[in-house]
Amino acid sequence: MNRYVLQALGGLFAYSLILAGCTSSPSNSTQTNSSQAQSTASSTSGLIQSSAGGSQSQTITLVDDLDRTVSFEKPERVAVLIGSFADELANAGGEDLIVAAAHDTFTQFDLDLKDAADLGDVKNIAQETLIAAKPELVIASAKNDSQKKMLETLDQAGIPVVYYDVSTFEDYLRVLKAMSEITGDEEAYQKNGLDQQEAIDAIRTTRRDEKPKVLALRETGKGIKALGSKNSLLGQMLNDLQADNIAGESGLETLSLEEIQLQNPDAIFYVAQGKDMETAAQMADQLFTSEAWKNLDAVKNGRVYVLDQKLYNLKPNTKWASALKDLEGMLYSNQS
Numbered sequence: 013m014n015r016y017v018l019q020a021l022g023g024l025f026a027y028s029l030i031l032a033g034c035t036s037s038p039s040n041s042t043q044t045n046s047s048q049a050q051s052t053a054s055s056t057s058g059l060i061q062s063s064a065g066g067s068q069s070q071t072i073t074l075v076d077d078l079d080r081t082v083s084f085e086k087p088e089r090v091a092v093l094i095g096s097f098a099d100e101l102a103n104a105g106g107e108d109l110i111v112a113a114a115h116d117t118f119t120q121f122d123l124d125l126k127d128a129a130d131l132g133d134v135k136n137i138a139q140e141t142l143i144a145a146k147p148e149l150v151i152a153s154a155k156n157d158s159q160k161k162m163l164e165t166l167d168q169a170g171i172p173v174v175y176y177d178v179s180t181f182e183d184y185l186r187v188l189k190a191m192s193e194i195t196g197d198e199e200a201y202q203k204n205g206l207d208q209q210e211a212i213d214a215i216r217t218t219r220r221d222e223k224p225k226v227l228a229l230r231e232t233g234k235g236i237k238a239l240g241s242k243n244s245l246l247g248q249m250l251n252d253l254q255a256d257n258i259a260g261e262s263g264l265e266t267l268s269l270e271e272i273q274l275q276n277p278d279a280i281f282y283v284a285q286g287k288d289m290e291t292a293a294q295m296a297d298q299l300f301t302s303e304a305w306k307n308l309d310a311v312k313n314g315r316v317y318v319l320d321q322k323l324y325n326l327k328p329n330t331k332w333a334s335a336l337k338d339l340e341g342m343l344y345s346n347q348s
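Take 13 as the starting number for the sequence shown in the working numbering and just add one per residue.
By construction, these hints were calculated from the structure, which means they are not laboratory data. The reader is advised that the hints may include incorrect statements.
Claimed, not checked - Capping the alpha-carbon separation at 30 Å, the derived lysine-lysine pairs in DSS-like fashion look like this:
1) K189 x K337
2) K160 x K237
3) K287 x K155
4) K155 x K234
5) K237 x K135
6) K242 x K189
7) K331 x K237
8) K189 x K203
9) K337 x K203
Based on the sequences and whatever the hints tell you, model everything.
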């Protein structure tokens with residue numbers, strides 16, 4: 013009978029799949045022209061400036077990840093169109109500013125937003141609800157096409173919007189810096205950002221005698237994708253650990269079981285989008301006990317890891333260093 017062993021690693025959790033008979037190993041960037049948000053092309057993405065705009069207001073200028081320079085008065089009401097950014101704004105001391113947020117903010121993150129409006133799915137934001145919330149700033153995803161298409165609507169409503177993309181720790185730091193500028197809480201940037209840098213750098217620069225061959229899988233309601241080393245959070249983290257990703261940099265939309273069997277990865281990392289750990293473990297059990305998968309070395313050696321999707325599919329944010337450390341422990345668990 014198959015069984016799961018719950019591993020507690022550095023205060024975080026991951027499931028390790030162990031099979032019978034096996035022992036476990038240790039839009040276009042349209043420019044806005046309104047009185048509140050002025051956008052011009054810029055090649056210095058991430059630059060942050062602020063200046064006094066009179067005794068009663070402060071003007072903040074940010075360069076977002078669409079290379080737009082956006083100027084606006086320091087906001088008291090902010091709408092956030094993706095949960096991980098709402099969490100990051102809270103990390104920057106701005107939880108009380110959030111008046112509207114995407115649905116995953118309420119289901120995936122532990123924030124006190126009982127009075128905030130639920131804007132629905134990140135790919136189908138309720139625009140009427142968003143406008144009705146009267147935000148003075150909108151924070152949106154630069155990777156989400158539907159959100160980028162909202163730029164003209166927000167501009168016509170006179171609402172400034174900044175777009176960001178976070179896939180690496182450096183991205184997280186850069187966006188946290190911008191959000192700390194919005195809130196005025198520079199201490200939060202130090203505590204929740206820079207204080208993780210040393211630990212992450214130490215992990216990244218550790219000398220590795222071998223580079224384990226890995227396969228990173230993300231299961232959604234539409235199927236399973238092999239994640240590349242450059243286009244996903246989990247893939248980037250494994251790349252930080254010097255793993256050899258058999259899906260390459262860009263990943264594979266369609267899995268080739270023949271190629272996976274040929275490459276025969278040392279370890280497999282599995283994340284189920286939007287699922288809790290128990291459900292994800294059950295889904296993994298069904299997949300990896302099938303004839304197509306069960307003879308892989310990673311499966312036979314108990315080196316299939318079901319990961320917490322909040323940490324390895326969304327964003328670990330303040331837990332970035334500990335999440336990377338735990339992933340290192342799994343990846344190099346068979347090395348002394």
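Unsatisfied constraints (hint numbers, rising): none
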